[in-house]
Amino acid sequence: EAGVAQSPRYKIIEKRQSVAFWCNPISGHATLYWYQQILGQGPKLLIQFQNNGVVDDSQLPKDRFSAERLKGVDSTLKIQPAKLEDSAVYLCASSLVDGATNEKLFFGSGTQLSVL
Amino acid sequence: GQQVMQIPQYQHVQEGEDFTTYCNSSTTLSNIQWYKQRPGGHPVFLIQLVKSGEVKKQKRLTFQFGEAKKNSSLHITATQTTDVGTYFCAGPKRNTPLVFGKGTRLSVIA
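If you're matching them up, the sequences are chains A and B in order. Count along the first sequence from 1, then add 345; that gives the number in my numbering. Count along the second sequence from 1, then add 356; that gives the number in my numbering.
There may be inaccurate statements among the hints.
Claimed, not checked - Residues from chain B that keep clear of chain A, each with C-beta distances beyond 12 Å, as calculated:
1. Gln-436
2. Thr-438
3. Val-440
Said to hold, decoys possible - Only pairs whose alpha carbons sit at most 25 Å apart, straight line, appear in this in silico BS3-like list of lysine-lysine:
4. Lys-407(A) x Lys-407(B)
5. Lys-458(B) x Lys-449(A)
6. Lys-423(A) x Lys-412(B)
Calculated from the structure, these hints are not laboratory results. Computed from a prediction, not measured in an experiment: that's the story for all the values here. Even for Gly, the Cβ is constructed at its ideal location relative to N, Cα and C.
Starting from the given sequences, assemble the full structure and let the hints guide the process.
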C-alpha cells in the first residue's frame, strides 16, 4: 500500500516569501493532518481535516498560514509571508476514521523548510 | 491547553541495557499512542493503549497505561542499536486531536 506522499522534500526561502506544501494521503483515509515539528520537539498540530471539512485549526496561525483540502483528498498548506521561526519540518499525516477513538496516524516523510 | 509531558528528554545507554521512558498528562486520556521517529525520519506508529491498566508487549518493548489513564510508560529490554531514535507518546482528550509529547531521544552505544 502506498504511503502518505509529500512534496517538496526540502525548501529554502527568504523571510517574507511565500511557500506551499503538498500532501496526498493514503487512499481511503478520510482524515488528514498537518503538523509542524521544530527541531528537538514533538509534532504540533496545525490543522485537521475530515474529508474536505476543517475539524480543528485552533493552533494554525491564520494571519500567515492557510490550508485547504478541496476535494477531500489532496491538501496544500501555504505560508505567506514566512518568518524565521517557521523553519521546521512540516509533516502530513492521515488516518482512517470509523467513529471510534482516535485512529493511528500514518505520516509522510515531511517537508523540511528553512527560512533565511 | 492540554499537555503531555515526557521524561527523560535524552537517554544514553550501552547496548544490552534496558531503557524506560515515561509519559504524564494533567488530564485523563481516552487512549494513548506511542510513535518512534528514527533520525532524519518521520514518526511511525508503534501501539495504542485504551484500557485502564493495560499492558501490551511487542518483542522487547513493553507498554503500560496507568490505572488513572493519566500516565504511560515504554520499556525496552536489552536495547539494540536498531532502537535508536526518539520515542513520542501522544494522547487526546475525548474527541480532540492527538497531542504529542516532546519525546525521549534514545542513543545506544555499541
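Hint check results:
The Cβ of Gln-436(B) lies farther than 12 Å from every Cβ of chain A, with a closest approach of about 23 Å, so its non-interface assignment holds. With 12 Å as the threshold on Cβ separation, the claim that Thr-438(B) sits away from chain A holds: the shortest Cβ distance comes to roughly 19 Å. Remark: the non-interface label on Val-440(B) is consistent with the geometry, its nearest Cβ contact in chain A lying 16 Å away (cut-off 12 Å). Using a Cα cut-off of 25 Å, the hinted pair Lys-407(A) and Lys-407(B) is violated, with the two alpha carbons roughly 37 Å apart.
Under the criterion of a C-alpha separation no larger than 25 Å, the hint pairing Lys-458(B) with Lys-449(A) is consistent with the structure, at around 18 Å. Among the hinted pairs, Lys-423(A) with Lys-412(B) is inconsistent with the structure: their alpha-carbon atoms are about 40 Å apart, more than 25 Å.
Going down the numbered hints, you'll see the structure goes against 4 and 6, while the others check out.
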